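Engineer: Sequence:
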Amino acid sequence: MLINGFWLLCQDDIVRPVLLGEVLKADGSWMPAHFLIDSGADQTVFSVDVLNALQLPPAPATTRLEGIGEFLLRWCWKPNSD
99 MLINGFWLLC QDDIVRPVLL GEVLKADGSW MPAHFLIDSG ADQTVFSVDV
149 LNALQLPPAP ATTRLEGIGE FLLRWCWKPN SD
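Taking my numbering, the leading residue of the sequence shown gets 99, the next gets one more, and so forth.
Incorrect hints may appear among the rest.
Said to hold, decoys possible - Derived DEER-like restraints, expressed as beta-carbon distance ranges: (1) Q141 to L106: 17 to 23 angstroms; (2) L100 to L149: 27 to 33 angstroms; (3) Q141 to E120: 17 to 23 angstroms; (4) W105 to V143: 15 to 21 angstroms; (5) D147 to W105: 15 to 21 angstroms; (6) P156 to P115: 27 to 33 angstroms; (7) V113 to G138: 17 to 23 angstroms; (8) L100 to K123: 24 to 30 angstroms; (9) P156 to V113: 28 to 34 angstroms; (10) G126 to L100: 29 to 35 angstroms.
It should be emphasised that the hints constitute simulated quantities derived from the structure, not laboratory data.
None of these values were measured; they are calculated from a predicted model.
Note that CB positions come from ideal geometry on N, CA and C, so glycine has one too.
Make the full structure from the sequences, and use the hints.
Structural biologist: Here's what the structure looks like:
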């Protein structure tokens, strides 16, 4: 498999392997977003900036997202049912 990504200098001055993709916003439009290339990941986690731009309502979940040395509470995002 070949992943056509690039190296991105992030706000914390760390260079990370990413690819450019698109995510579906609440209004039905597509928005470009960087995806971290993590071949061992079981899930995709969006940055706060991407989540805010998607304008999706949060719904708290009871599971945790764990990584090496720390964990984060996981939030599920679901479209408005309006």
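Engineer: Against the range 15 to 21 angstroms, how does the distance between the Cβ atoms of W105 and V143 compare: consistent or not?
Structural biologist: holds, 19 angstroms
Engineer: Do the Cβ positions of D147 and W105 conform to the proposed distance bound of 15 to 21 angstroms?
Structural biologist: Hint holds: Cβ distance 19 angstroms, inside 15 to 21 angstroms.
Engineer: Does the beta carbon distance between L100 and L149 stay inside 27 to 33 angstroms, or does it fall outside?
Structural biologist: holds, 29 angstroms
Engineer: Holds or violated: 28 to 34 angstroms for the Cβ distance of P156 and V113?
Structural biologist: holds, 30 angstroms
Engineer: Are P156 and P115 spaced within 27 to 33 angstroms by their CB atoms?
Structural biologist: holds, 28 angstroms
Engineer: Does the hinted range 17 to 23 angstroms hold for Q141 and L106 at CB?
Structural biologist: holds, 20 angstroms
Engineer: Take the C-beta atom of L100 and the C-beta atom of K123, compute their distance, and say whether it sits inside 24 to 30 angstroms.
Structural biologist: Holds - the Cβ-Cβ distance for L100 and K123, about 29 angstroms, lies within 24 to 30 angstroms.
Engineer: When you take the CB atoms of V113 and G138, is the distance between them in 17 to 23 angstroms?
Structural biologist: holds, 19 angstroms
Engineer: Quick check on a hinted range of 29 to 35 angstroms for G126 and L100, using CB atoms only.
Structural biologist: holds, 31 angstroms
Engineer: Given a hint of 17 to 23 angstroms, does the C-beta separation of Q141 and E120 actually sit inside it?
Structural biologist: holds, 18 angstroms
The earlier numbered hints are all upheld by this structure, with none contradicted.
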